[in-house]
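K.L.:
Construct the complete structure from the given sequences, taking the supplied hints into account.
Listed here are the chains, written in short residue letters.
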Amino acid sequence: MTPDLLSYPRLAPGCRLGENNQQRVLLMPERALRLNGPSLEIVERCDGKHSVQQIIGDLQKIYSKAAPEKVEQDILGYLGLLQKERALDFIPANATEA
Amino acid sequence: MNELAPNPLALIAELTHRCPLHCVYCSNPLELQGRRDELSTEEWSRVFREAADSGVLQADLTGGEPLARPDLVELVRAARAAGLYVSLITSGLPLDEARLGALVEAGLDHVQLSLQAAREELANDICGTKAHAQKLRVLDWLKQHRVAVTLNFVIHRRNIDQIEEMLALAESSSAGRVEFANVQYYGWAFANREHLLPTREQLTRSVEFLKRAEERLRGKIRIEFVVPDYYAKFPKACMGGWGRKLILITPSGDALPCHAAQVIPGLRFGNVKERSLHDIWINSEAFQKFRGEEWMQEPCKTCDRREQDFGGCRCQALLLAGDAAATDPVCSLAPQRSKVDAILAKIIPPSAAETPAKPNWLHRPNPA
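Protein sequence lines correspond, in order, to chains A and B. Anchor point for the first sequence: position 57 equals 56 in numbering that gives the first Met the number 0, and the numbering is continuous, going up by one each time. Anchor point for the second sequence: position 244 equals 243 in numbering that gives the first Met the number 0, and the numbering is continuous, going up by one each time.
Hints in this document: simulated from the structure, not taken from any laboratory. It is possible that part of the hints are untrue.
[Stated by the list, open to error] Computed cross-link-like contacts, PhoX-like style, restricted to lysine-lysine with a CA-CA straight-line distance of at most 20 Å: (1) Lys219(B) <-> Lys83(A); (2) Lys300(B) <-> Lys232(B); (3) Lys83(A) <-> Lys210(B).
Fair warning: this is a prediction, and the values are worked out from it, not measured in the lab.
P.N.:
Pasting the structure below:
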């Protein structure tokens, strides 16, 4: 299950960023995921305003020493994981242009 | 931080034992606490702050029925202000649209709504009251709010064959998550066990159906399935290990390592009216008793799985083997496994056993 590059990921209802003991976490029903470095950069952009493509572009700039294809692969993998956890909704490109 | 006692991650706040439902498998103890023993709004608010300071991320507001507390909106606000993720574990009674709106406004993150079956007649029989129609109304109202929704079905021999209809109900709702949790046999469920245990054939059919459904609904609805551990080969990692992840506070403030811990004779619990939550978590006798591996007997003591399942459930060991430190008898390696097998050998298919007559349930009462 690979997310559509042109869609806009947004945290699903009841999923939000939290913090405890200086550790950022993604809170959701019955679960919490620790967020560090790239995972935090990704989740902070899952606001319905950044497309998957834009998130990839942003992180390729931030992590410019890493191979761009590797960054893209990792991001798609992580978004897929969050989708499986039901932590993300993907708004189709045409739905936001209206 | 004590290496044996990592931070608790979740607080299970049993706000009250009062409940309009009378479910035959209720997880509350047989001795229910009454209203006058309940912690006050201020006491709960302090517990939420202490929990967050100890590293807790999630507060599950449960009961009984948490909606029976007139101060529930305030409690949600207090838990959220403390920095916790707030879940409401509810039957949906007594609730109206305005109160649901106020709860969401106060910061409620997640509603877990219980349903007893897919069909009204059976659902109402299980919970001993006419609740099903109201639950369907609540499901409808939830569609209007930006809040996570979980449907929780407690599964047993009488409703397990309706599992397809239950899933269809979940698909027609705004739930992102659905739990099919087989009854765990403690307290009220232990007393009603012979009317609740499914047959192995029933269980196998449901597992196969849910595996296919999980594939189909991936990314849409997360399906959680809890098997009845009497049929398992290895025990469940009860509460994620004793005193490792979860702390439960009873309506009167006792701090328990698990729902059923009060069945263990001689175990002394700290109370949040007298001690801080952090002190109780680290130092109280009840939390230390079965933390780590020191207390283990063979075969757990040298078993490769001891860090995965922590020897299973202490309360089940007490109930079935008469010794809370024994290997959970549901484990295929346990010396007392034959007791579980003997119970399963007596299970007959529901069609032969109880149609059309209703079983002689023991329903839980509503404490004053």
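K.L.:
Indicate, hint by hint, whether the structure satisfies it.
P.N.:
Consistency of the hints with the structure:
1. Proposed proximity of Lys219(B) and Lys83(A) is supported: the alpha carbons are some 8 Å apart, at most 20 Å.
2. Distance hint between Lys300(B) and Lys232(B) is fulfilled; the C-alpha atoms sit about 18 Å from each other, no more than 20 Å.
3. Our distance criterion of 20 Å between C-alpha atoms is met by Lys83(A) and Lys210(B), whose separation comes to about 15 Å.
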